[in-house]
Amino acid sequence: MEARIQELEQIARTIRARIIETSHKTKTPHLGSCLSCVDILVAAYFEVVQIDPARPADEGRDRFILSKGHGAAALFQVLALRGFYPESMLDTYGEDGGIFAEHPPAPSHLPGIEAATGSLGHGFPMGLGMALAARIRDQRYKVFALVSDGECNEGSTWEAAMLAASQKMKNLAVVVDFNKWQATGRSEDVMGHSPLADKWRAFGWSASEVDGHDMAALVRRLRQVPDGSGKPVAIVAHTVKGKGVSFMEDDNNWHYRIPTADEVRSAKRELGVPA
Amino acid sequence: MRNAFADEITRLGAADPRVVLLSGDIGNKLFDKFKLAAPGRFLNCGVAEANMMSMAAGMALSGLRPVIYTITPFTTTRCFEQIRVDVCYHKAPVIIVGTGSGLSYAELGPTHHSLEDLAILRVLPDMTVFAPCDEVELRLGLRAGLQQNAPMYMRIGKKGEPVIHAQAPDFRLGNAITIREGAHVCLISTGTMMPVVLQAADLLAGRGVSARVESFHTVKPLDTARLADLFARYPLVAVAEEHSRLGGLGGTVAEWLAGEEVPRGRLLCFGTDDAFMHEVGSQDYARRKFGLTADNIAKKVAERLDRLSPAGR
Chain A
0 MEARIQELEQ
10 IARTIRARII
20 ETSHKTKTPH
30 LGSCLSCVDI
40 LVAAYFEVVQ
50 IDPARPADEG
60 RDRFILSKGH
70 GAAALFQVLA
80 LRGFYPESML
90 DTYGEDGGIF
100 AEHPPAPSHL
110 PGIEAATGSL
120 GHGFPMGLGM
130 ALAARIRDQR
140 YKVFALVSDG
150 ECNEGSTWEA
160 AMLAASQKMK
170 NLAVVVDFNK
180 WQATGRSEDV
190 MGHSPLADKW
200 RAFGWSASEV
210 DGHDMAALVR
220 RLRQVPDGSG
230 KPVAIVAHTV
240 KGKGVSFMED
250 DNNWHYRIPT
260 ADEVRSAKRE
270 LGVPA
Chain B
0 MRNAFADEIT
10 RLGAADPRVV
20 LLSGDIGNKL
30 FDKFKLAAPG
40 RFLNCGVAEA
50 NMMSMAAGMA
60 LSGLRPVIYT
70 ITPFTTTRCF
80 EQIRVDVCYH
90 KAPVIIVGTG
100 SGLSYAELGP
110 THHSLEDLAI
120 LRVLPDMTVF
130 APCDEVELRL
140 GLRAGLQQNA
150 PMYMRIGKKG
160 EPVIHAQAPD
170 FRLGNAITIR
180 EGAHVCLIST
190 GTMMPVVLQA
200 ADLLAGRGVS
210 ARVESFHTVK
220 PLDTARLADL
230 FARYPLVAVA
240 EEHSRLGGLG
250 GTVAEWLAGE
260 EVPRGRLLCF
270 GTDDAFMHEV
280 GSQDYARRKF
290 GLTADNIAKK
300 VAERLDRLSP
310 AGR
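Here the protein sequences come in this chain order: A and B.
Be aware that the first sequence starts at 0, since it is given in numbering that gives the first Met the number 0, and climbs by one per residue.
Be aware that the second sequence starts at 0, since it is given in numbering that gives the first Met the number 0, and climbs by one per residue.
Note that these hints are calculated values from the structure, not bench results.
There's no promise every hint is true.
[As the list claims (entries may be wrong)] Distance condition first, Cα-Cα at most 25 Å in a straight line; then the derived DMTMM-like pairs of lysine to aspartate or glutamate:
{"hint": "1", "chain 1": "B", "residue 1": "LYS34", "chain 2": "A", "residue 2": "ASP95"}
{"hint": "2", "chain 1": "B", "residue 1": "LYS90", "chain 2": "A", "residue 2": "ASP95"}
{"hint": "3", "chain 1": "A", "residue 1": "LYS167", "chain 2": "B", "residue 2": "ASP31"}
Could you build all of it, start to finish, from the sequences and the hints given here?
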């Protein structure tokens, strides 16, 4: 297992480098938000979520929804590396008439996408509907929704949380990419959401906290869905915005800033990825 | 109408295991038969319509056919972005039912009126907008909507609306239905205004004006072939709806008419004013306030016809 964790960590470094390169090349923002959730995406897509890239519409697949749609630049890289489409397709990133933009397209337009997110507070409730569909159709799949802490500002997030609790949706998990920032400030200063894990508990969820950059811990936690409590599962993942590059870490300027060519070179050096 | 809806959705739910009925904490007893006929497929989603709409989209993307039922403003304006993004952008086959539409719940005040729903829903790509005139159209439209692989909005009244169609008409979403033939003027209507429009046609007949009456149960897609025929044949076409004059059936007809290259008949629109109703009143009172009465429609149509051809008919 240890060797596999090291492989996953290497995949995460590669993906971070590609996200940074793409941001520079295509002037795509939200770099900090993408880097904070890379480890969660890699643990989920490469080790936990049961999904076959050759059959992306298989009815029994697990669903993973990037509810924080502004992390799309990370998701696009993950899906390509996972084999949902050729990595060469990403050469068209940001081009007029292309499919790769700042947010995920509709599922019918790109394999591996479960929901066209970007407006916050939509993907998780859609995932709740998918989880309920599994119960109604007697299927065994699980649904994972990755939300941001900023997304926990949205009322619809808590509407879905309450219904998931009353319906005892144990096949549903929410992972909060808790990087402590939202677009224009510290998330705690904008909306008083502390204590976040206790909030999910108070809403009837089985909640726990995890280091969102500890690959082994993430894999372990994501595998424990359902977790035997009979409740939906909330995983509050403590992350660092801009994780992996010293001059981006915990600096909210990188919510919108685009790296220069020099910064791309420095970042790749830090990540140990060849230039 | 809501009883007919409950009855029809019970039949459809019993026959099709994909049908799921979602309610926003209303219709407590109304769906008891559905719950028996389709166990596990009725869900009270609480007073949380935004979540309910997103959830329905997720269900529809996972092989189900969710039907959402709630009082019109709460299933339209309350969760418009969820309809736009989660339902329409994903082309998710969700049927959204707005009950007590228009001024049906006049006495509950403007929070419960819906006089802008046709306007905001018809601008959404892939959305069908359907407003049956009676329970016969409601049943046919609901069945047809479930056969479509796309979203549909269905705007219905409350209870006790008269049946217009004595027999089941030839029905297709998007095709207007001729209710009555007439020679001098055409009255078209959508939704529960039809009884008033038929009364207006009777009053016109008493003045020697023969009025054709059409049910435009589908506001989108608009039956432009029928409109082209009507506007070529009649000097005046009047639209009546329990909706703002901005953006509803009258609005969509006006948009179409403005783009026509050949000369056409004139358009006269009856609907509610661009105003909230601040006083208390019944549906009849509210209709009178906004001129949505047979008397007013007949009078205005006759006056306009006289101005269009003063030589007489």
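Going through the hints against the structure:
A C-alpha spacing of about 50 Å is found between LYS34/B and ASP95/A, which places the hinted pair above 25 Å, so the restraint is violated. Restraint check for LYS90/B and ASP95/A: satisfied, since their Cα atoms lie roughly 23 Å apart, inside the 25 Å limit. Distance hint between LYS167/A and ASP31/B is fulfilled; the C-alpha atoms sit about 23 Å from each other, no more than 25 Å.
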